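Colleague: The primary structure of each chain is shown beneath.
Number of protein chains: 2
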Amino acid sequence: MATGEIEISVEHLEILNPSKTQLPFPIRQFIKAKESLRMQYRYLDLRFPEMQRNLRIRSKVLMRMREFLINKCNFVDIETPTLFRRTPGGAQEFIVPTRNPGKFYSLVQSPQQFKQLLMVGGIDRYFQIARCYRDEAGRMDRQPEFTQLDIEMSFVDRESIMMLTEDLLVESWLEELGEISTPFEQMRYDDAMELYGTDKPDARLPYKLQNVTDIVKTSIALTTKTGIEYNDNFGAYAVVFPKESKNFSNSTKAQFDDISKREFPQAKLLQVKITESSWKSGLTTLLSNDVVDSIENRLNLHNGDMLFLSVGQKPDVQEVLGKLLILYTNILESKGVTLRAPGFKWLWIVDFPLFSKEDNENGIRTTHHPFTQPHPEDLHLLATDPLKVRGLHYDLVSNGWEIGGGSIRIHNSLLQKQVLEILGIDTCQMSHLLEALDSGAPPHGGIALGLDRYIAMLCNATSIRDVIAFPKSMEGRDAMSGAPIQISDEDKKLYHIRTPAD
Amino acid sequence: MATGEIEISVEHLEILNPSKTQLPFPIRQFIKAKESLRMQYRYLDLRFPEMQRNLRIRSKVLMRMREFLINKCNFVDIETPTLFRRTPGGAQEFIVPTRNPGKFYSLVQSPQQFKQLLMVGGIDRYFQIARCYRDEAGRMDRQPEFTQLDIEMSFVDRESIMMLTEDLLVESWLEELGEISTPFEQMRYDDAMELYGTDKPDARLPYKLQNVTDIVKTSIALTTKTGIEYNDNFGAYAVVFPKESKNFSNSTKAQFDDISKREFPQAKLLQVKITESSWKSGLTTLLSNDVVDSIENRLNLHNGDMLFLSVGQKPDVQEVLGKLLILYTNILESKGVTLRAPGFKWLWIVDFPLFSKEDNENGIRTTHHPFTQPHPEDLHLLATDPLKVRGLHYDLVSNGWEIGGGSIRIHNSLLQKQVLEILGIDTCQMSHLLEALDSGAPPHGGIALGLDRYIAMLCNATSIRDVIAFPKSMEGRDAMSGAPIQISDEDKKLYHIRTPAD
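Residue numbers (the working numbering), protein chains in the order written: chain G, 1 to 502; chain U, 503 to 1004.
Derived by calculation from the structure, the hints in this document are not laboratory data. Small disclaimer: the values here were computed from a predicted structure and weren't measured. Keep in mind that a hint or two might mislead.
Claimed, not checked - Short, incomplete list of chain U residues facing chain G, as computed with Cβ under 10 Å: (1) LEU518; (2) TYR543; (3) PHE577; (4) LYS605; (5) PHE606; (6) SER915; (7) ALA971; (8) PRO986.
Where is the CB? At the ideal position from N, CA and C, for every residue including glycine.
Use the sequences and the hints to build the structure in full.
Modeller: Laid out in structure tokens, this is it:
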């Protein structure tokens, strides 16, 4: 027909299988059923053109990645086990009881150990599109099982893995999304926090954080009024949305205040609409008049601007403003203001700290995983000041989404042992890896891309559930079959376990 | 060098990572370490050229399969969940406790249900290289997790799936293994049992079973001497190895007698070396002289031939001879006699019985799985004589190895319900599938190929463990890491389970 649709004129009709006349929801309709119903009847939901398109794009892009890695770059696709033993110091792993009383497998959270062992085994270019498992019930847009493109190479440095990854994305890119230009910009972790208040910056944003610590520190008013001390960790940052205060409502203000107090207790937030007059009273409750004037000059504030200012402990200050920067941008864009640049803005985030502070026995945890190579320039700090050590880790970020991450790994067993000990991890649990490193392990490194999220981004889907054929709910439930369910007494006996009701 | 090896003349040497001087076993050696040691240090074992070759062949062949299915045949590669609910009537499935007290996932034994639901969802050509899980501890050459190429199509018949599979194998075949010629021969299940005593015939074998039931039935001597009744299920079969009795030793005789008595109690085995004279006494203990003469004529027995004869219940008779046919062939080949034809002999086995006898409440179990379409010619027998119903199932066999199997599925919910009820399976457990079939499910069918075994065959490996990077032992143990291991009290608390020691 003129519309491009097809009209079929039927001569003979044979019904191969009758269908119920009243399906739970109609397929030819613009307004979709609510998600719980879509999930319960996923096999009907899959008939929507968007779902058909998403799954076909997924298949196509993954195939292009394989073609690039195998046919162009000589990688070997190797399957690694998912039933293994717990990796200490990572995410919560599902356990699987066996017929051997009291003995359990863990479902791997990634092929990390196996890919390193493959390097020791002389497979110098490995990849796998790997199923991974994490028991992180209730975290937004997470699935108990997910898929990552897992890559590892021997005799490489950070730059060559980044280059390979960029080439891989270019080769598997969808033409209809426009050009993807390489090399991607690199940003140090400290700069990402300084400018965007997050390690996943959305580089499409026109506005950034502005550091006003030096100005605020000249004033004693803040200390007098709030008791906040100007220690090494003090920070004062601002975000300005020029001419955009008109969409700032009281409910937005209340929401932002709530987020700040609940999630970032060590930062104090001030939200001020810049007007012709009297707007400074919103700041002088905490800051001296001199300081407020300096801030006005530095930030070049004008009537109609929206100002967010936060003071306190630097990490909380940066992060609350990073969050509000996104949220207020979203609010403005929902009102029709275009702020973000079009297309995809790719970034490599580098020079992450190797360790982060943690409220545990050692006061320290690994920022990514215990196998990341410390930055060679910082090796001397490992024993004396570990929190200052950077790691050879890199994250790939696009439009504010973390698409992947990787690192150069530790290939020396003594260094690996030292790092495990700093983290308070029992080295006996990792003796197989330490022994392997001692057997002539080549220097190696790699990366893993989160394919569910990457494909969701390509498909412009709001949730990864829209690019997974049979996803689970936020609570890990399969709405179609009702899984997880109770097991039989025979199963309990076979696996030597008892449950609360027994 | 002249040998083709490379000699390197070193000008500068930098040691990137030192290795222990004394590795558990040397890599440059023809005599391999014993398997337990190889498994404990798998990362060293992977350095052997055979393992490198096997893993690279695996990667290459799997890629060719994908290229054929996606690029040539427009299949969609779709990942399906592994955490699901138990499928009734299949293999033992691993269970995975959740944070929800008493609720468990099961690890899928195959994507069977999901691929059928995808057909209902309008994905008419699906495939996946899928990880599957079965808890079959201790069965020879099985792994708790394994990989299958899983295919499903809508609007197909048996022949089109066979043809697609043959094309797939031809396209992904290794040139160095010689030609693979299609179409593959088809053999009815009954004929496979009649000629080879197994549903996985090795068609390279020169000798087959020979049916002598008609001769033996003319004699009353057997009944008098053994009490064996000539009921409908009676069978007498022979296998003759012409001129091959010289390698038949007393210990072989004892071994075969033991197998027959232990595994096939309803068959009586006679093993006779044909000589110039007096060999008949080995048969006349049970059979009348007339019958022995007729057998001699029918089988054309001559001095030096080796005769195996079995009488009793047909299934046991056929199976014991099928097993001895292989075992004695292996013994002869180990002595240097060439019996098997060279190359690969492919077979499709068709017309399997839909159900088999079982010692359970219903006296019946499914031969493959409850979703197989009954043969249309036998539908009238479903209610009255289900054991006589054939299924639209097909197995792919090569050189005596089952490489894959599939079927046309039931697409009508009433028929599916009827079959579940015959099997005594609670239909409530399968309500999601029944509902899906009721929503306009197209006729569909598919196949799954066991890739570990297929690749082992291509690599001429004796065990699937030689084509898996990190296999587990027969007991499901990972020798490298010691998995499965005990879990922490925190894990037990988190997953609401107690173990025997608690």
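Colleague: Hints numbered earlier in the text: which of these fail when held up against the supplied structure?
Modeller: none
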